[in-house]
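Trainee: Given the sequences, and given the hints that come with them, work out the whole structure.
Note that our numbering has the sequence shown beginning at 7, numbered continuously upward.
Wrong hints could be hidden among the right ones.
Pairs of lysine-lysine, DSS-like flavour, derived with a Cα cap of 27 Å [claimed, not checked]:
#	residue 1	residue 2
1	K110	K11
2	K58	K70
3	K94	K174
4	K59	K8
5	K163	K8
Computed beta-carbon distance windows for the label pairs [as the list claims (entries may be wrong)]:
#	residue 1	residue 2	range
6	V88	E170	22 to 28 Å
7	A109	H34	25 to 31 Å
8	H34	H120	18 to 24 Å
Because the hints were derived from the structure by calculation, they are not lab data.
Idealized CB from N, CA, C, for every residue including glycine.
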Amino acid sequence: MKILKNVLVFLLVVVAGALVISQFLPDHYRVERSIVIDARPEQIQPWISNLKKWPEWSAWTVAKDASLQYSYEGPEEGAGAVSKWESKKFGQGQMTVVGSDVAKGVTFDLSFEHGKFISRGSLAYAPAGSATKLIWTMEGNLNRNPLNRFFGLIMDKMTGPDFEEGLKNLKAKVEHK
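Mentor: In structure tokens, the structure reads:
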């Protein structure tokens, strides 16, 4: 009985410690990657403002999870276009384009697992000589949830490589390589 009591006290101390530590962790996360594409923004825009084209270049494809299914709502491209997905590996989510401008890029809202996690994302253009730098960003609030705050510590390592892969694929599509 004494061993059980000691184990319970130890677990309580660990959980309490984790709760306290989590409140000192960032309440916001940001993931950002970029690539230079040898093209003008108007050549890139159709690939990023039309959500039906994303599976052709993004890292989240049927090749990585055969159960992945997409559905689309709203306009073909631009503001109001919606992509929904469901997958064993990638979970359930929705992306809604909220802004689309050939001079600036695309901004979108992301909702994961029926709205449990909300993020804002963008694919923005920056000049790079005769080419275009495309900057992919995703950020969101983690609020006061201790698990979310610990999860926020690894968001860049989890999502960053997928952004890099997607940007490389997009570059190849746009440059026809």
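Trainee: State for each hint whether it applies.
Mentor: Hint check:
At most 27 Å may separate the alpha-carbon atoms for a hinted pair to count; K110 and K11 exceed this at roughly 60 Å. Under the criterion of a C-alpha separation no larger than 27 Å, the hint pairing K58 with K70 is consistent with the structure, at around 18 Å. Using a Cα cut-off of 27 Å, the hinted pair K94 and K174 holds, with the two alpha carbons roughly 25 Å apart. In summary, the hint linking K59 to K8 is not supported, as the alpha carbons are separated by about 62 Å, beyond the 27 Å threshold.
Between K163 and K8, the direct Cα distance comes to roughly 42 Å. Violation of the 27 Å bound is thereby established for this hinted pair. The given range of 22 to 28 Å is respected by V88 and E170, whose C-beta atoms sit roughly 26 Å from each other. For the pair A109 and H34, the beta carbons lie near 28 Å from each other, so the given range of 25 to 31 Å is met. Between H34 and H120, the C-beta spacing of about 22 Å keeps the proposed range 18 to 24 Å intact.
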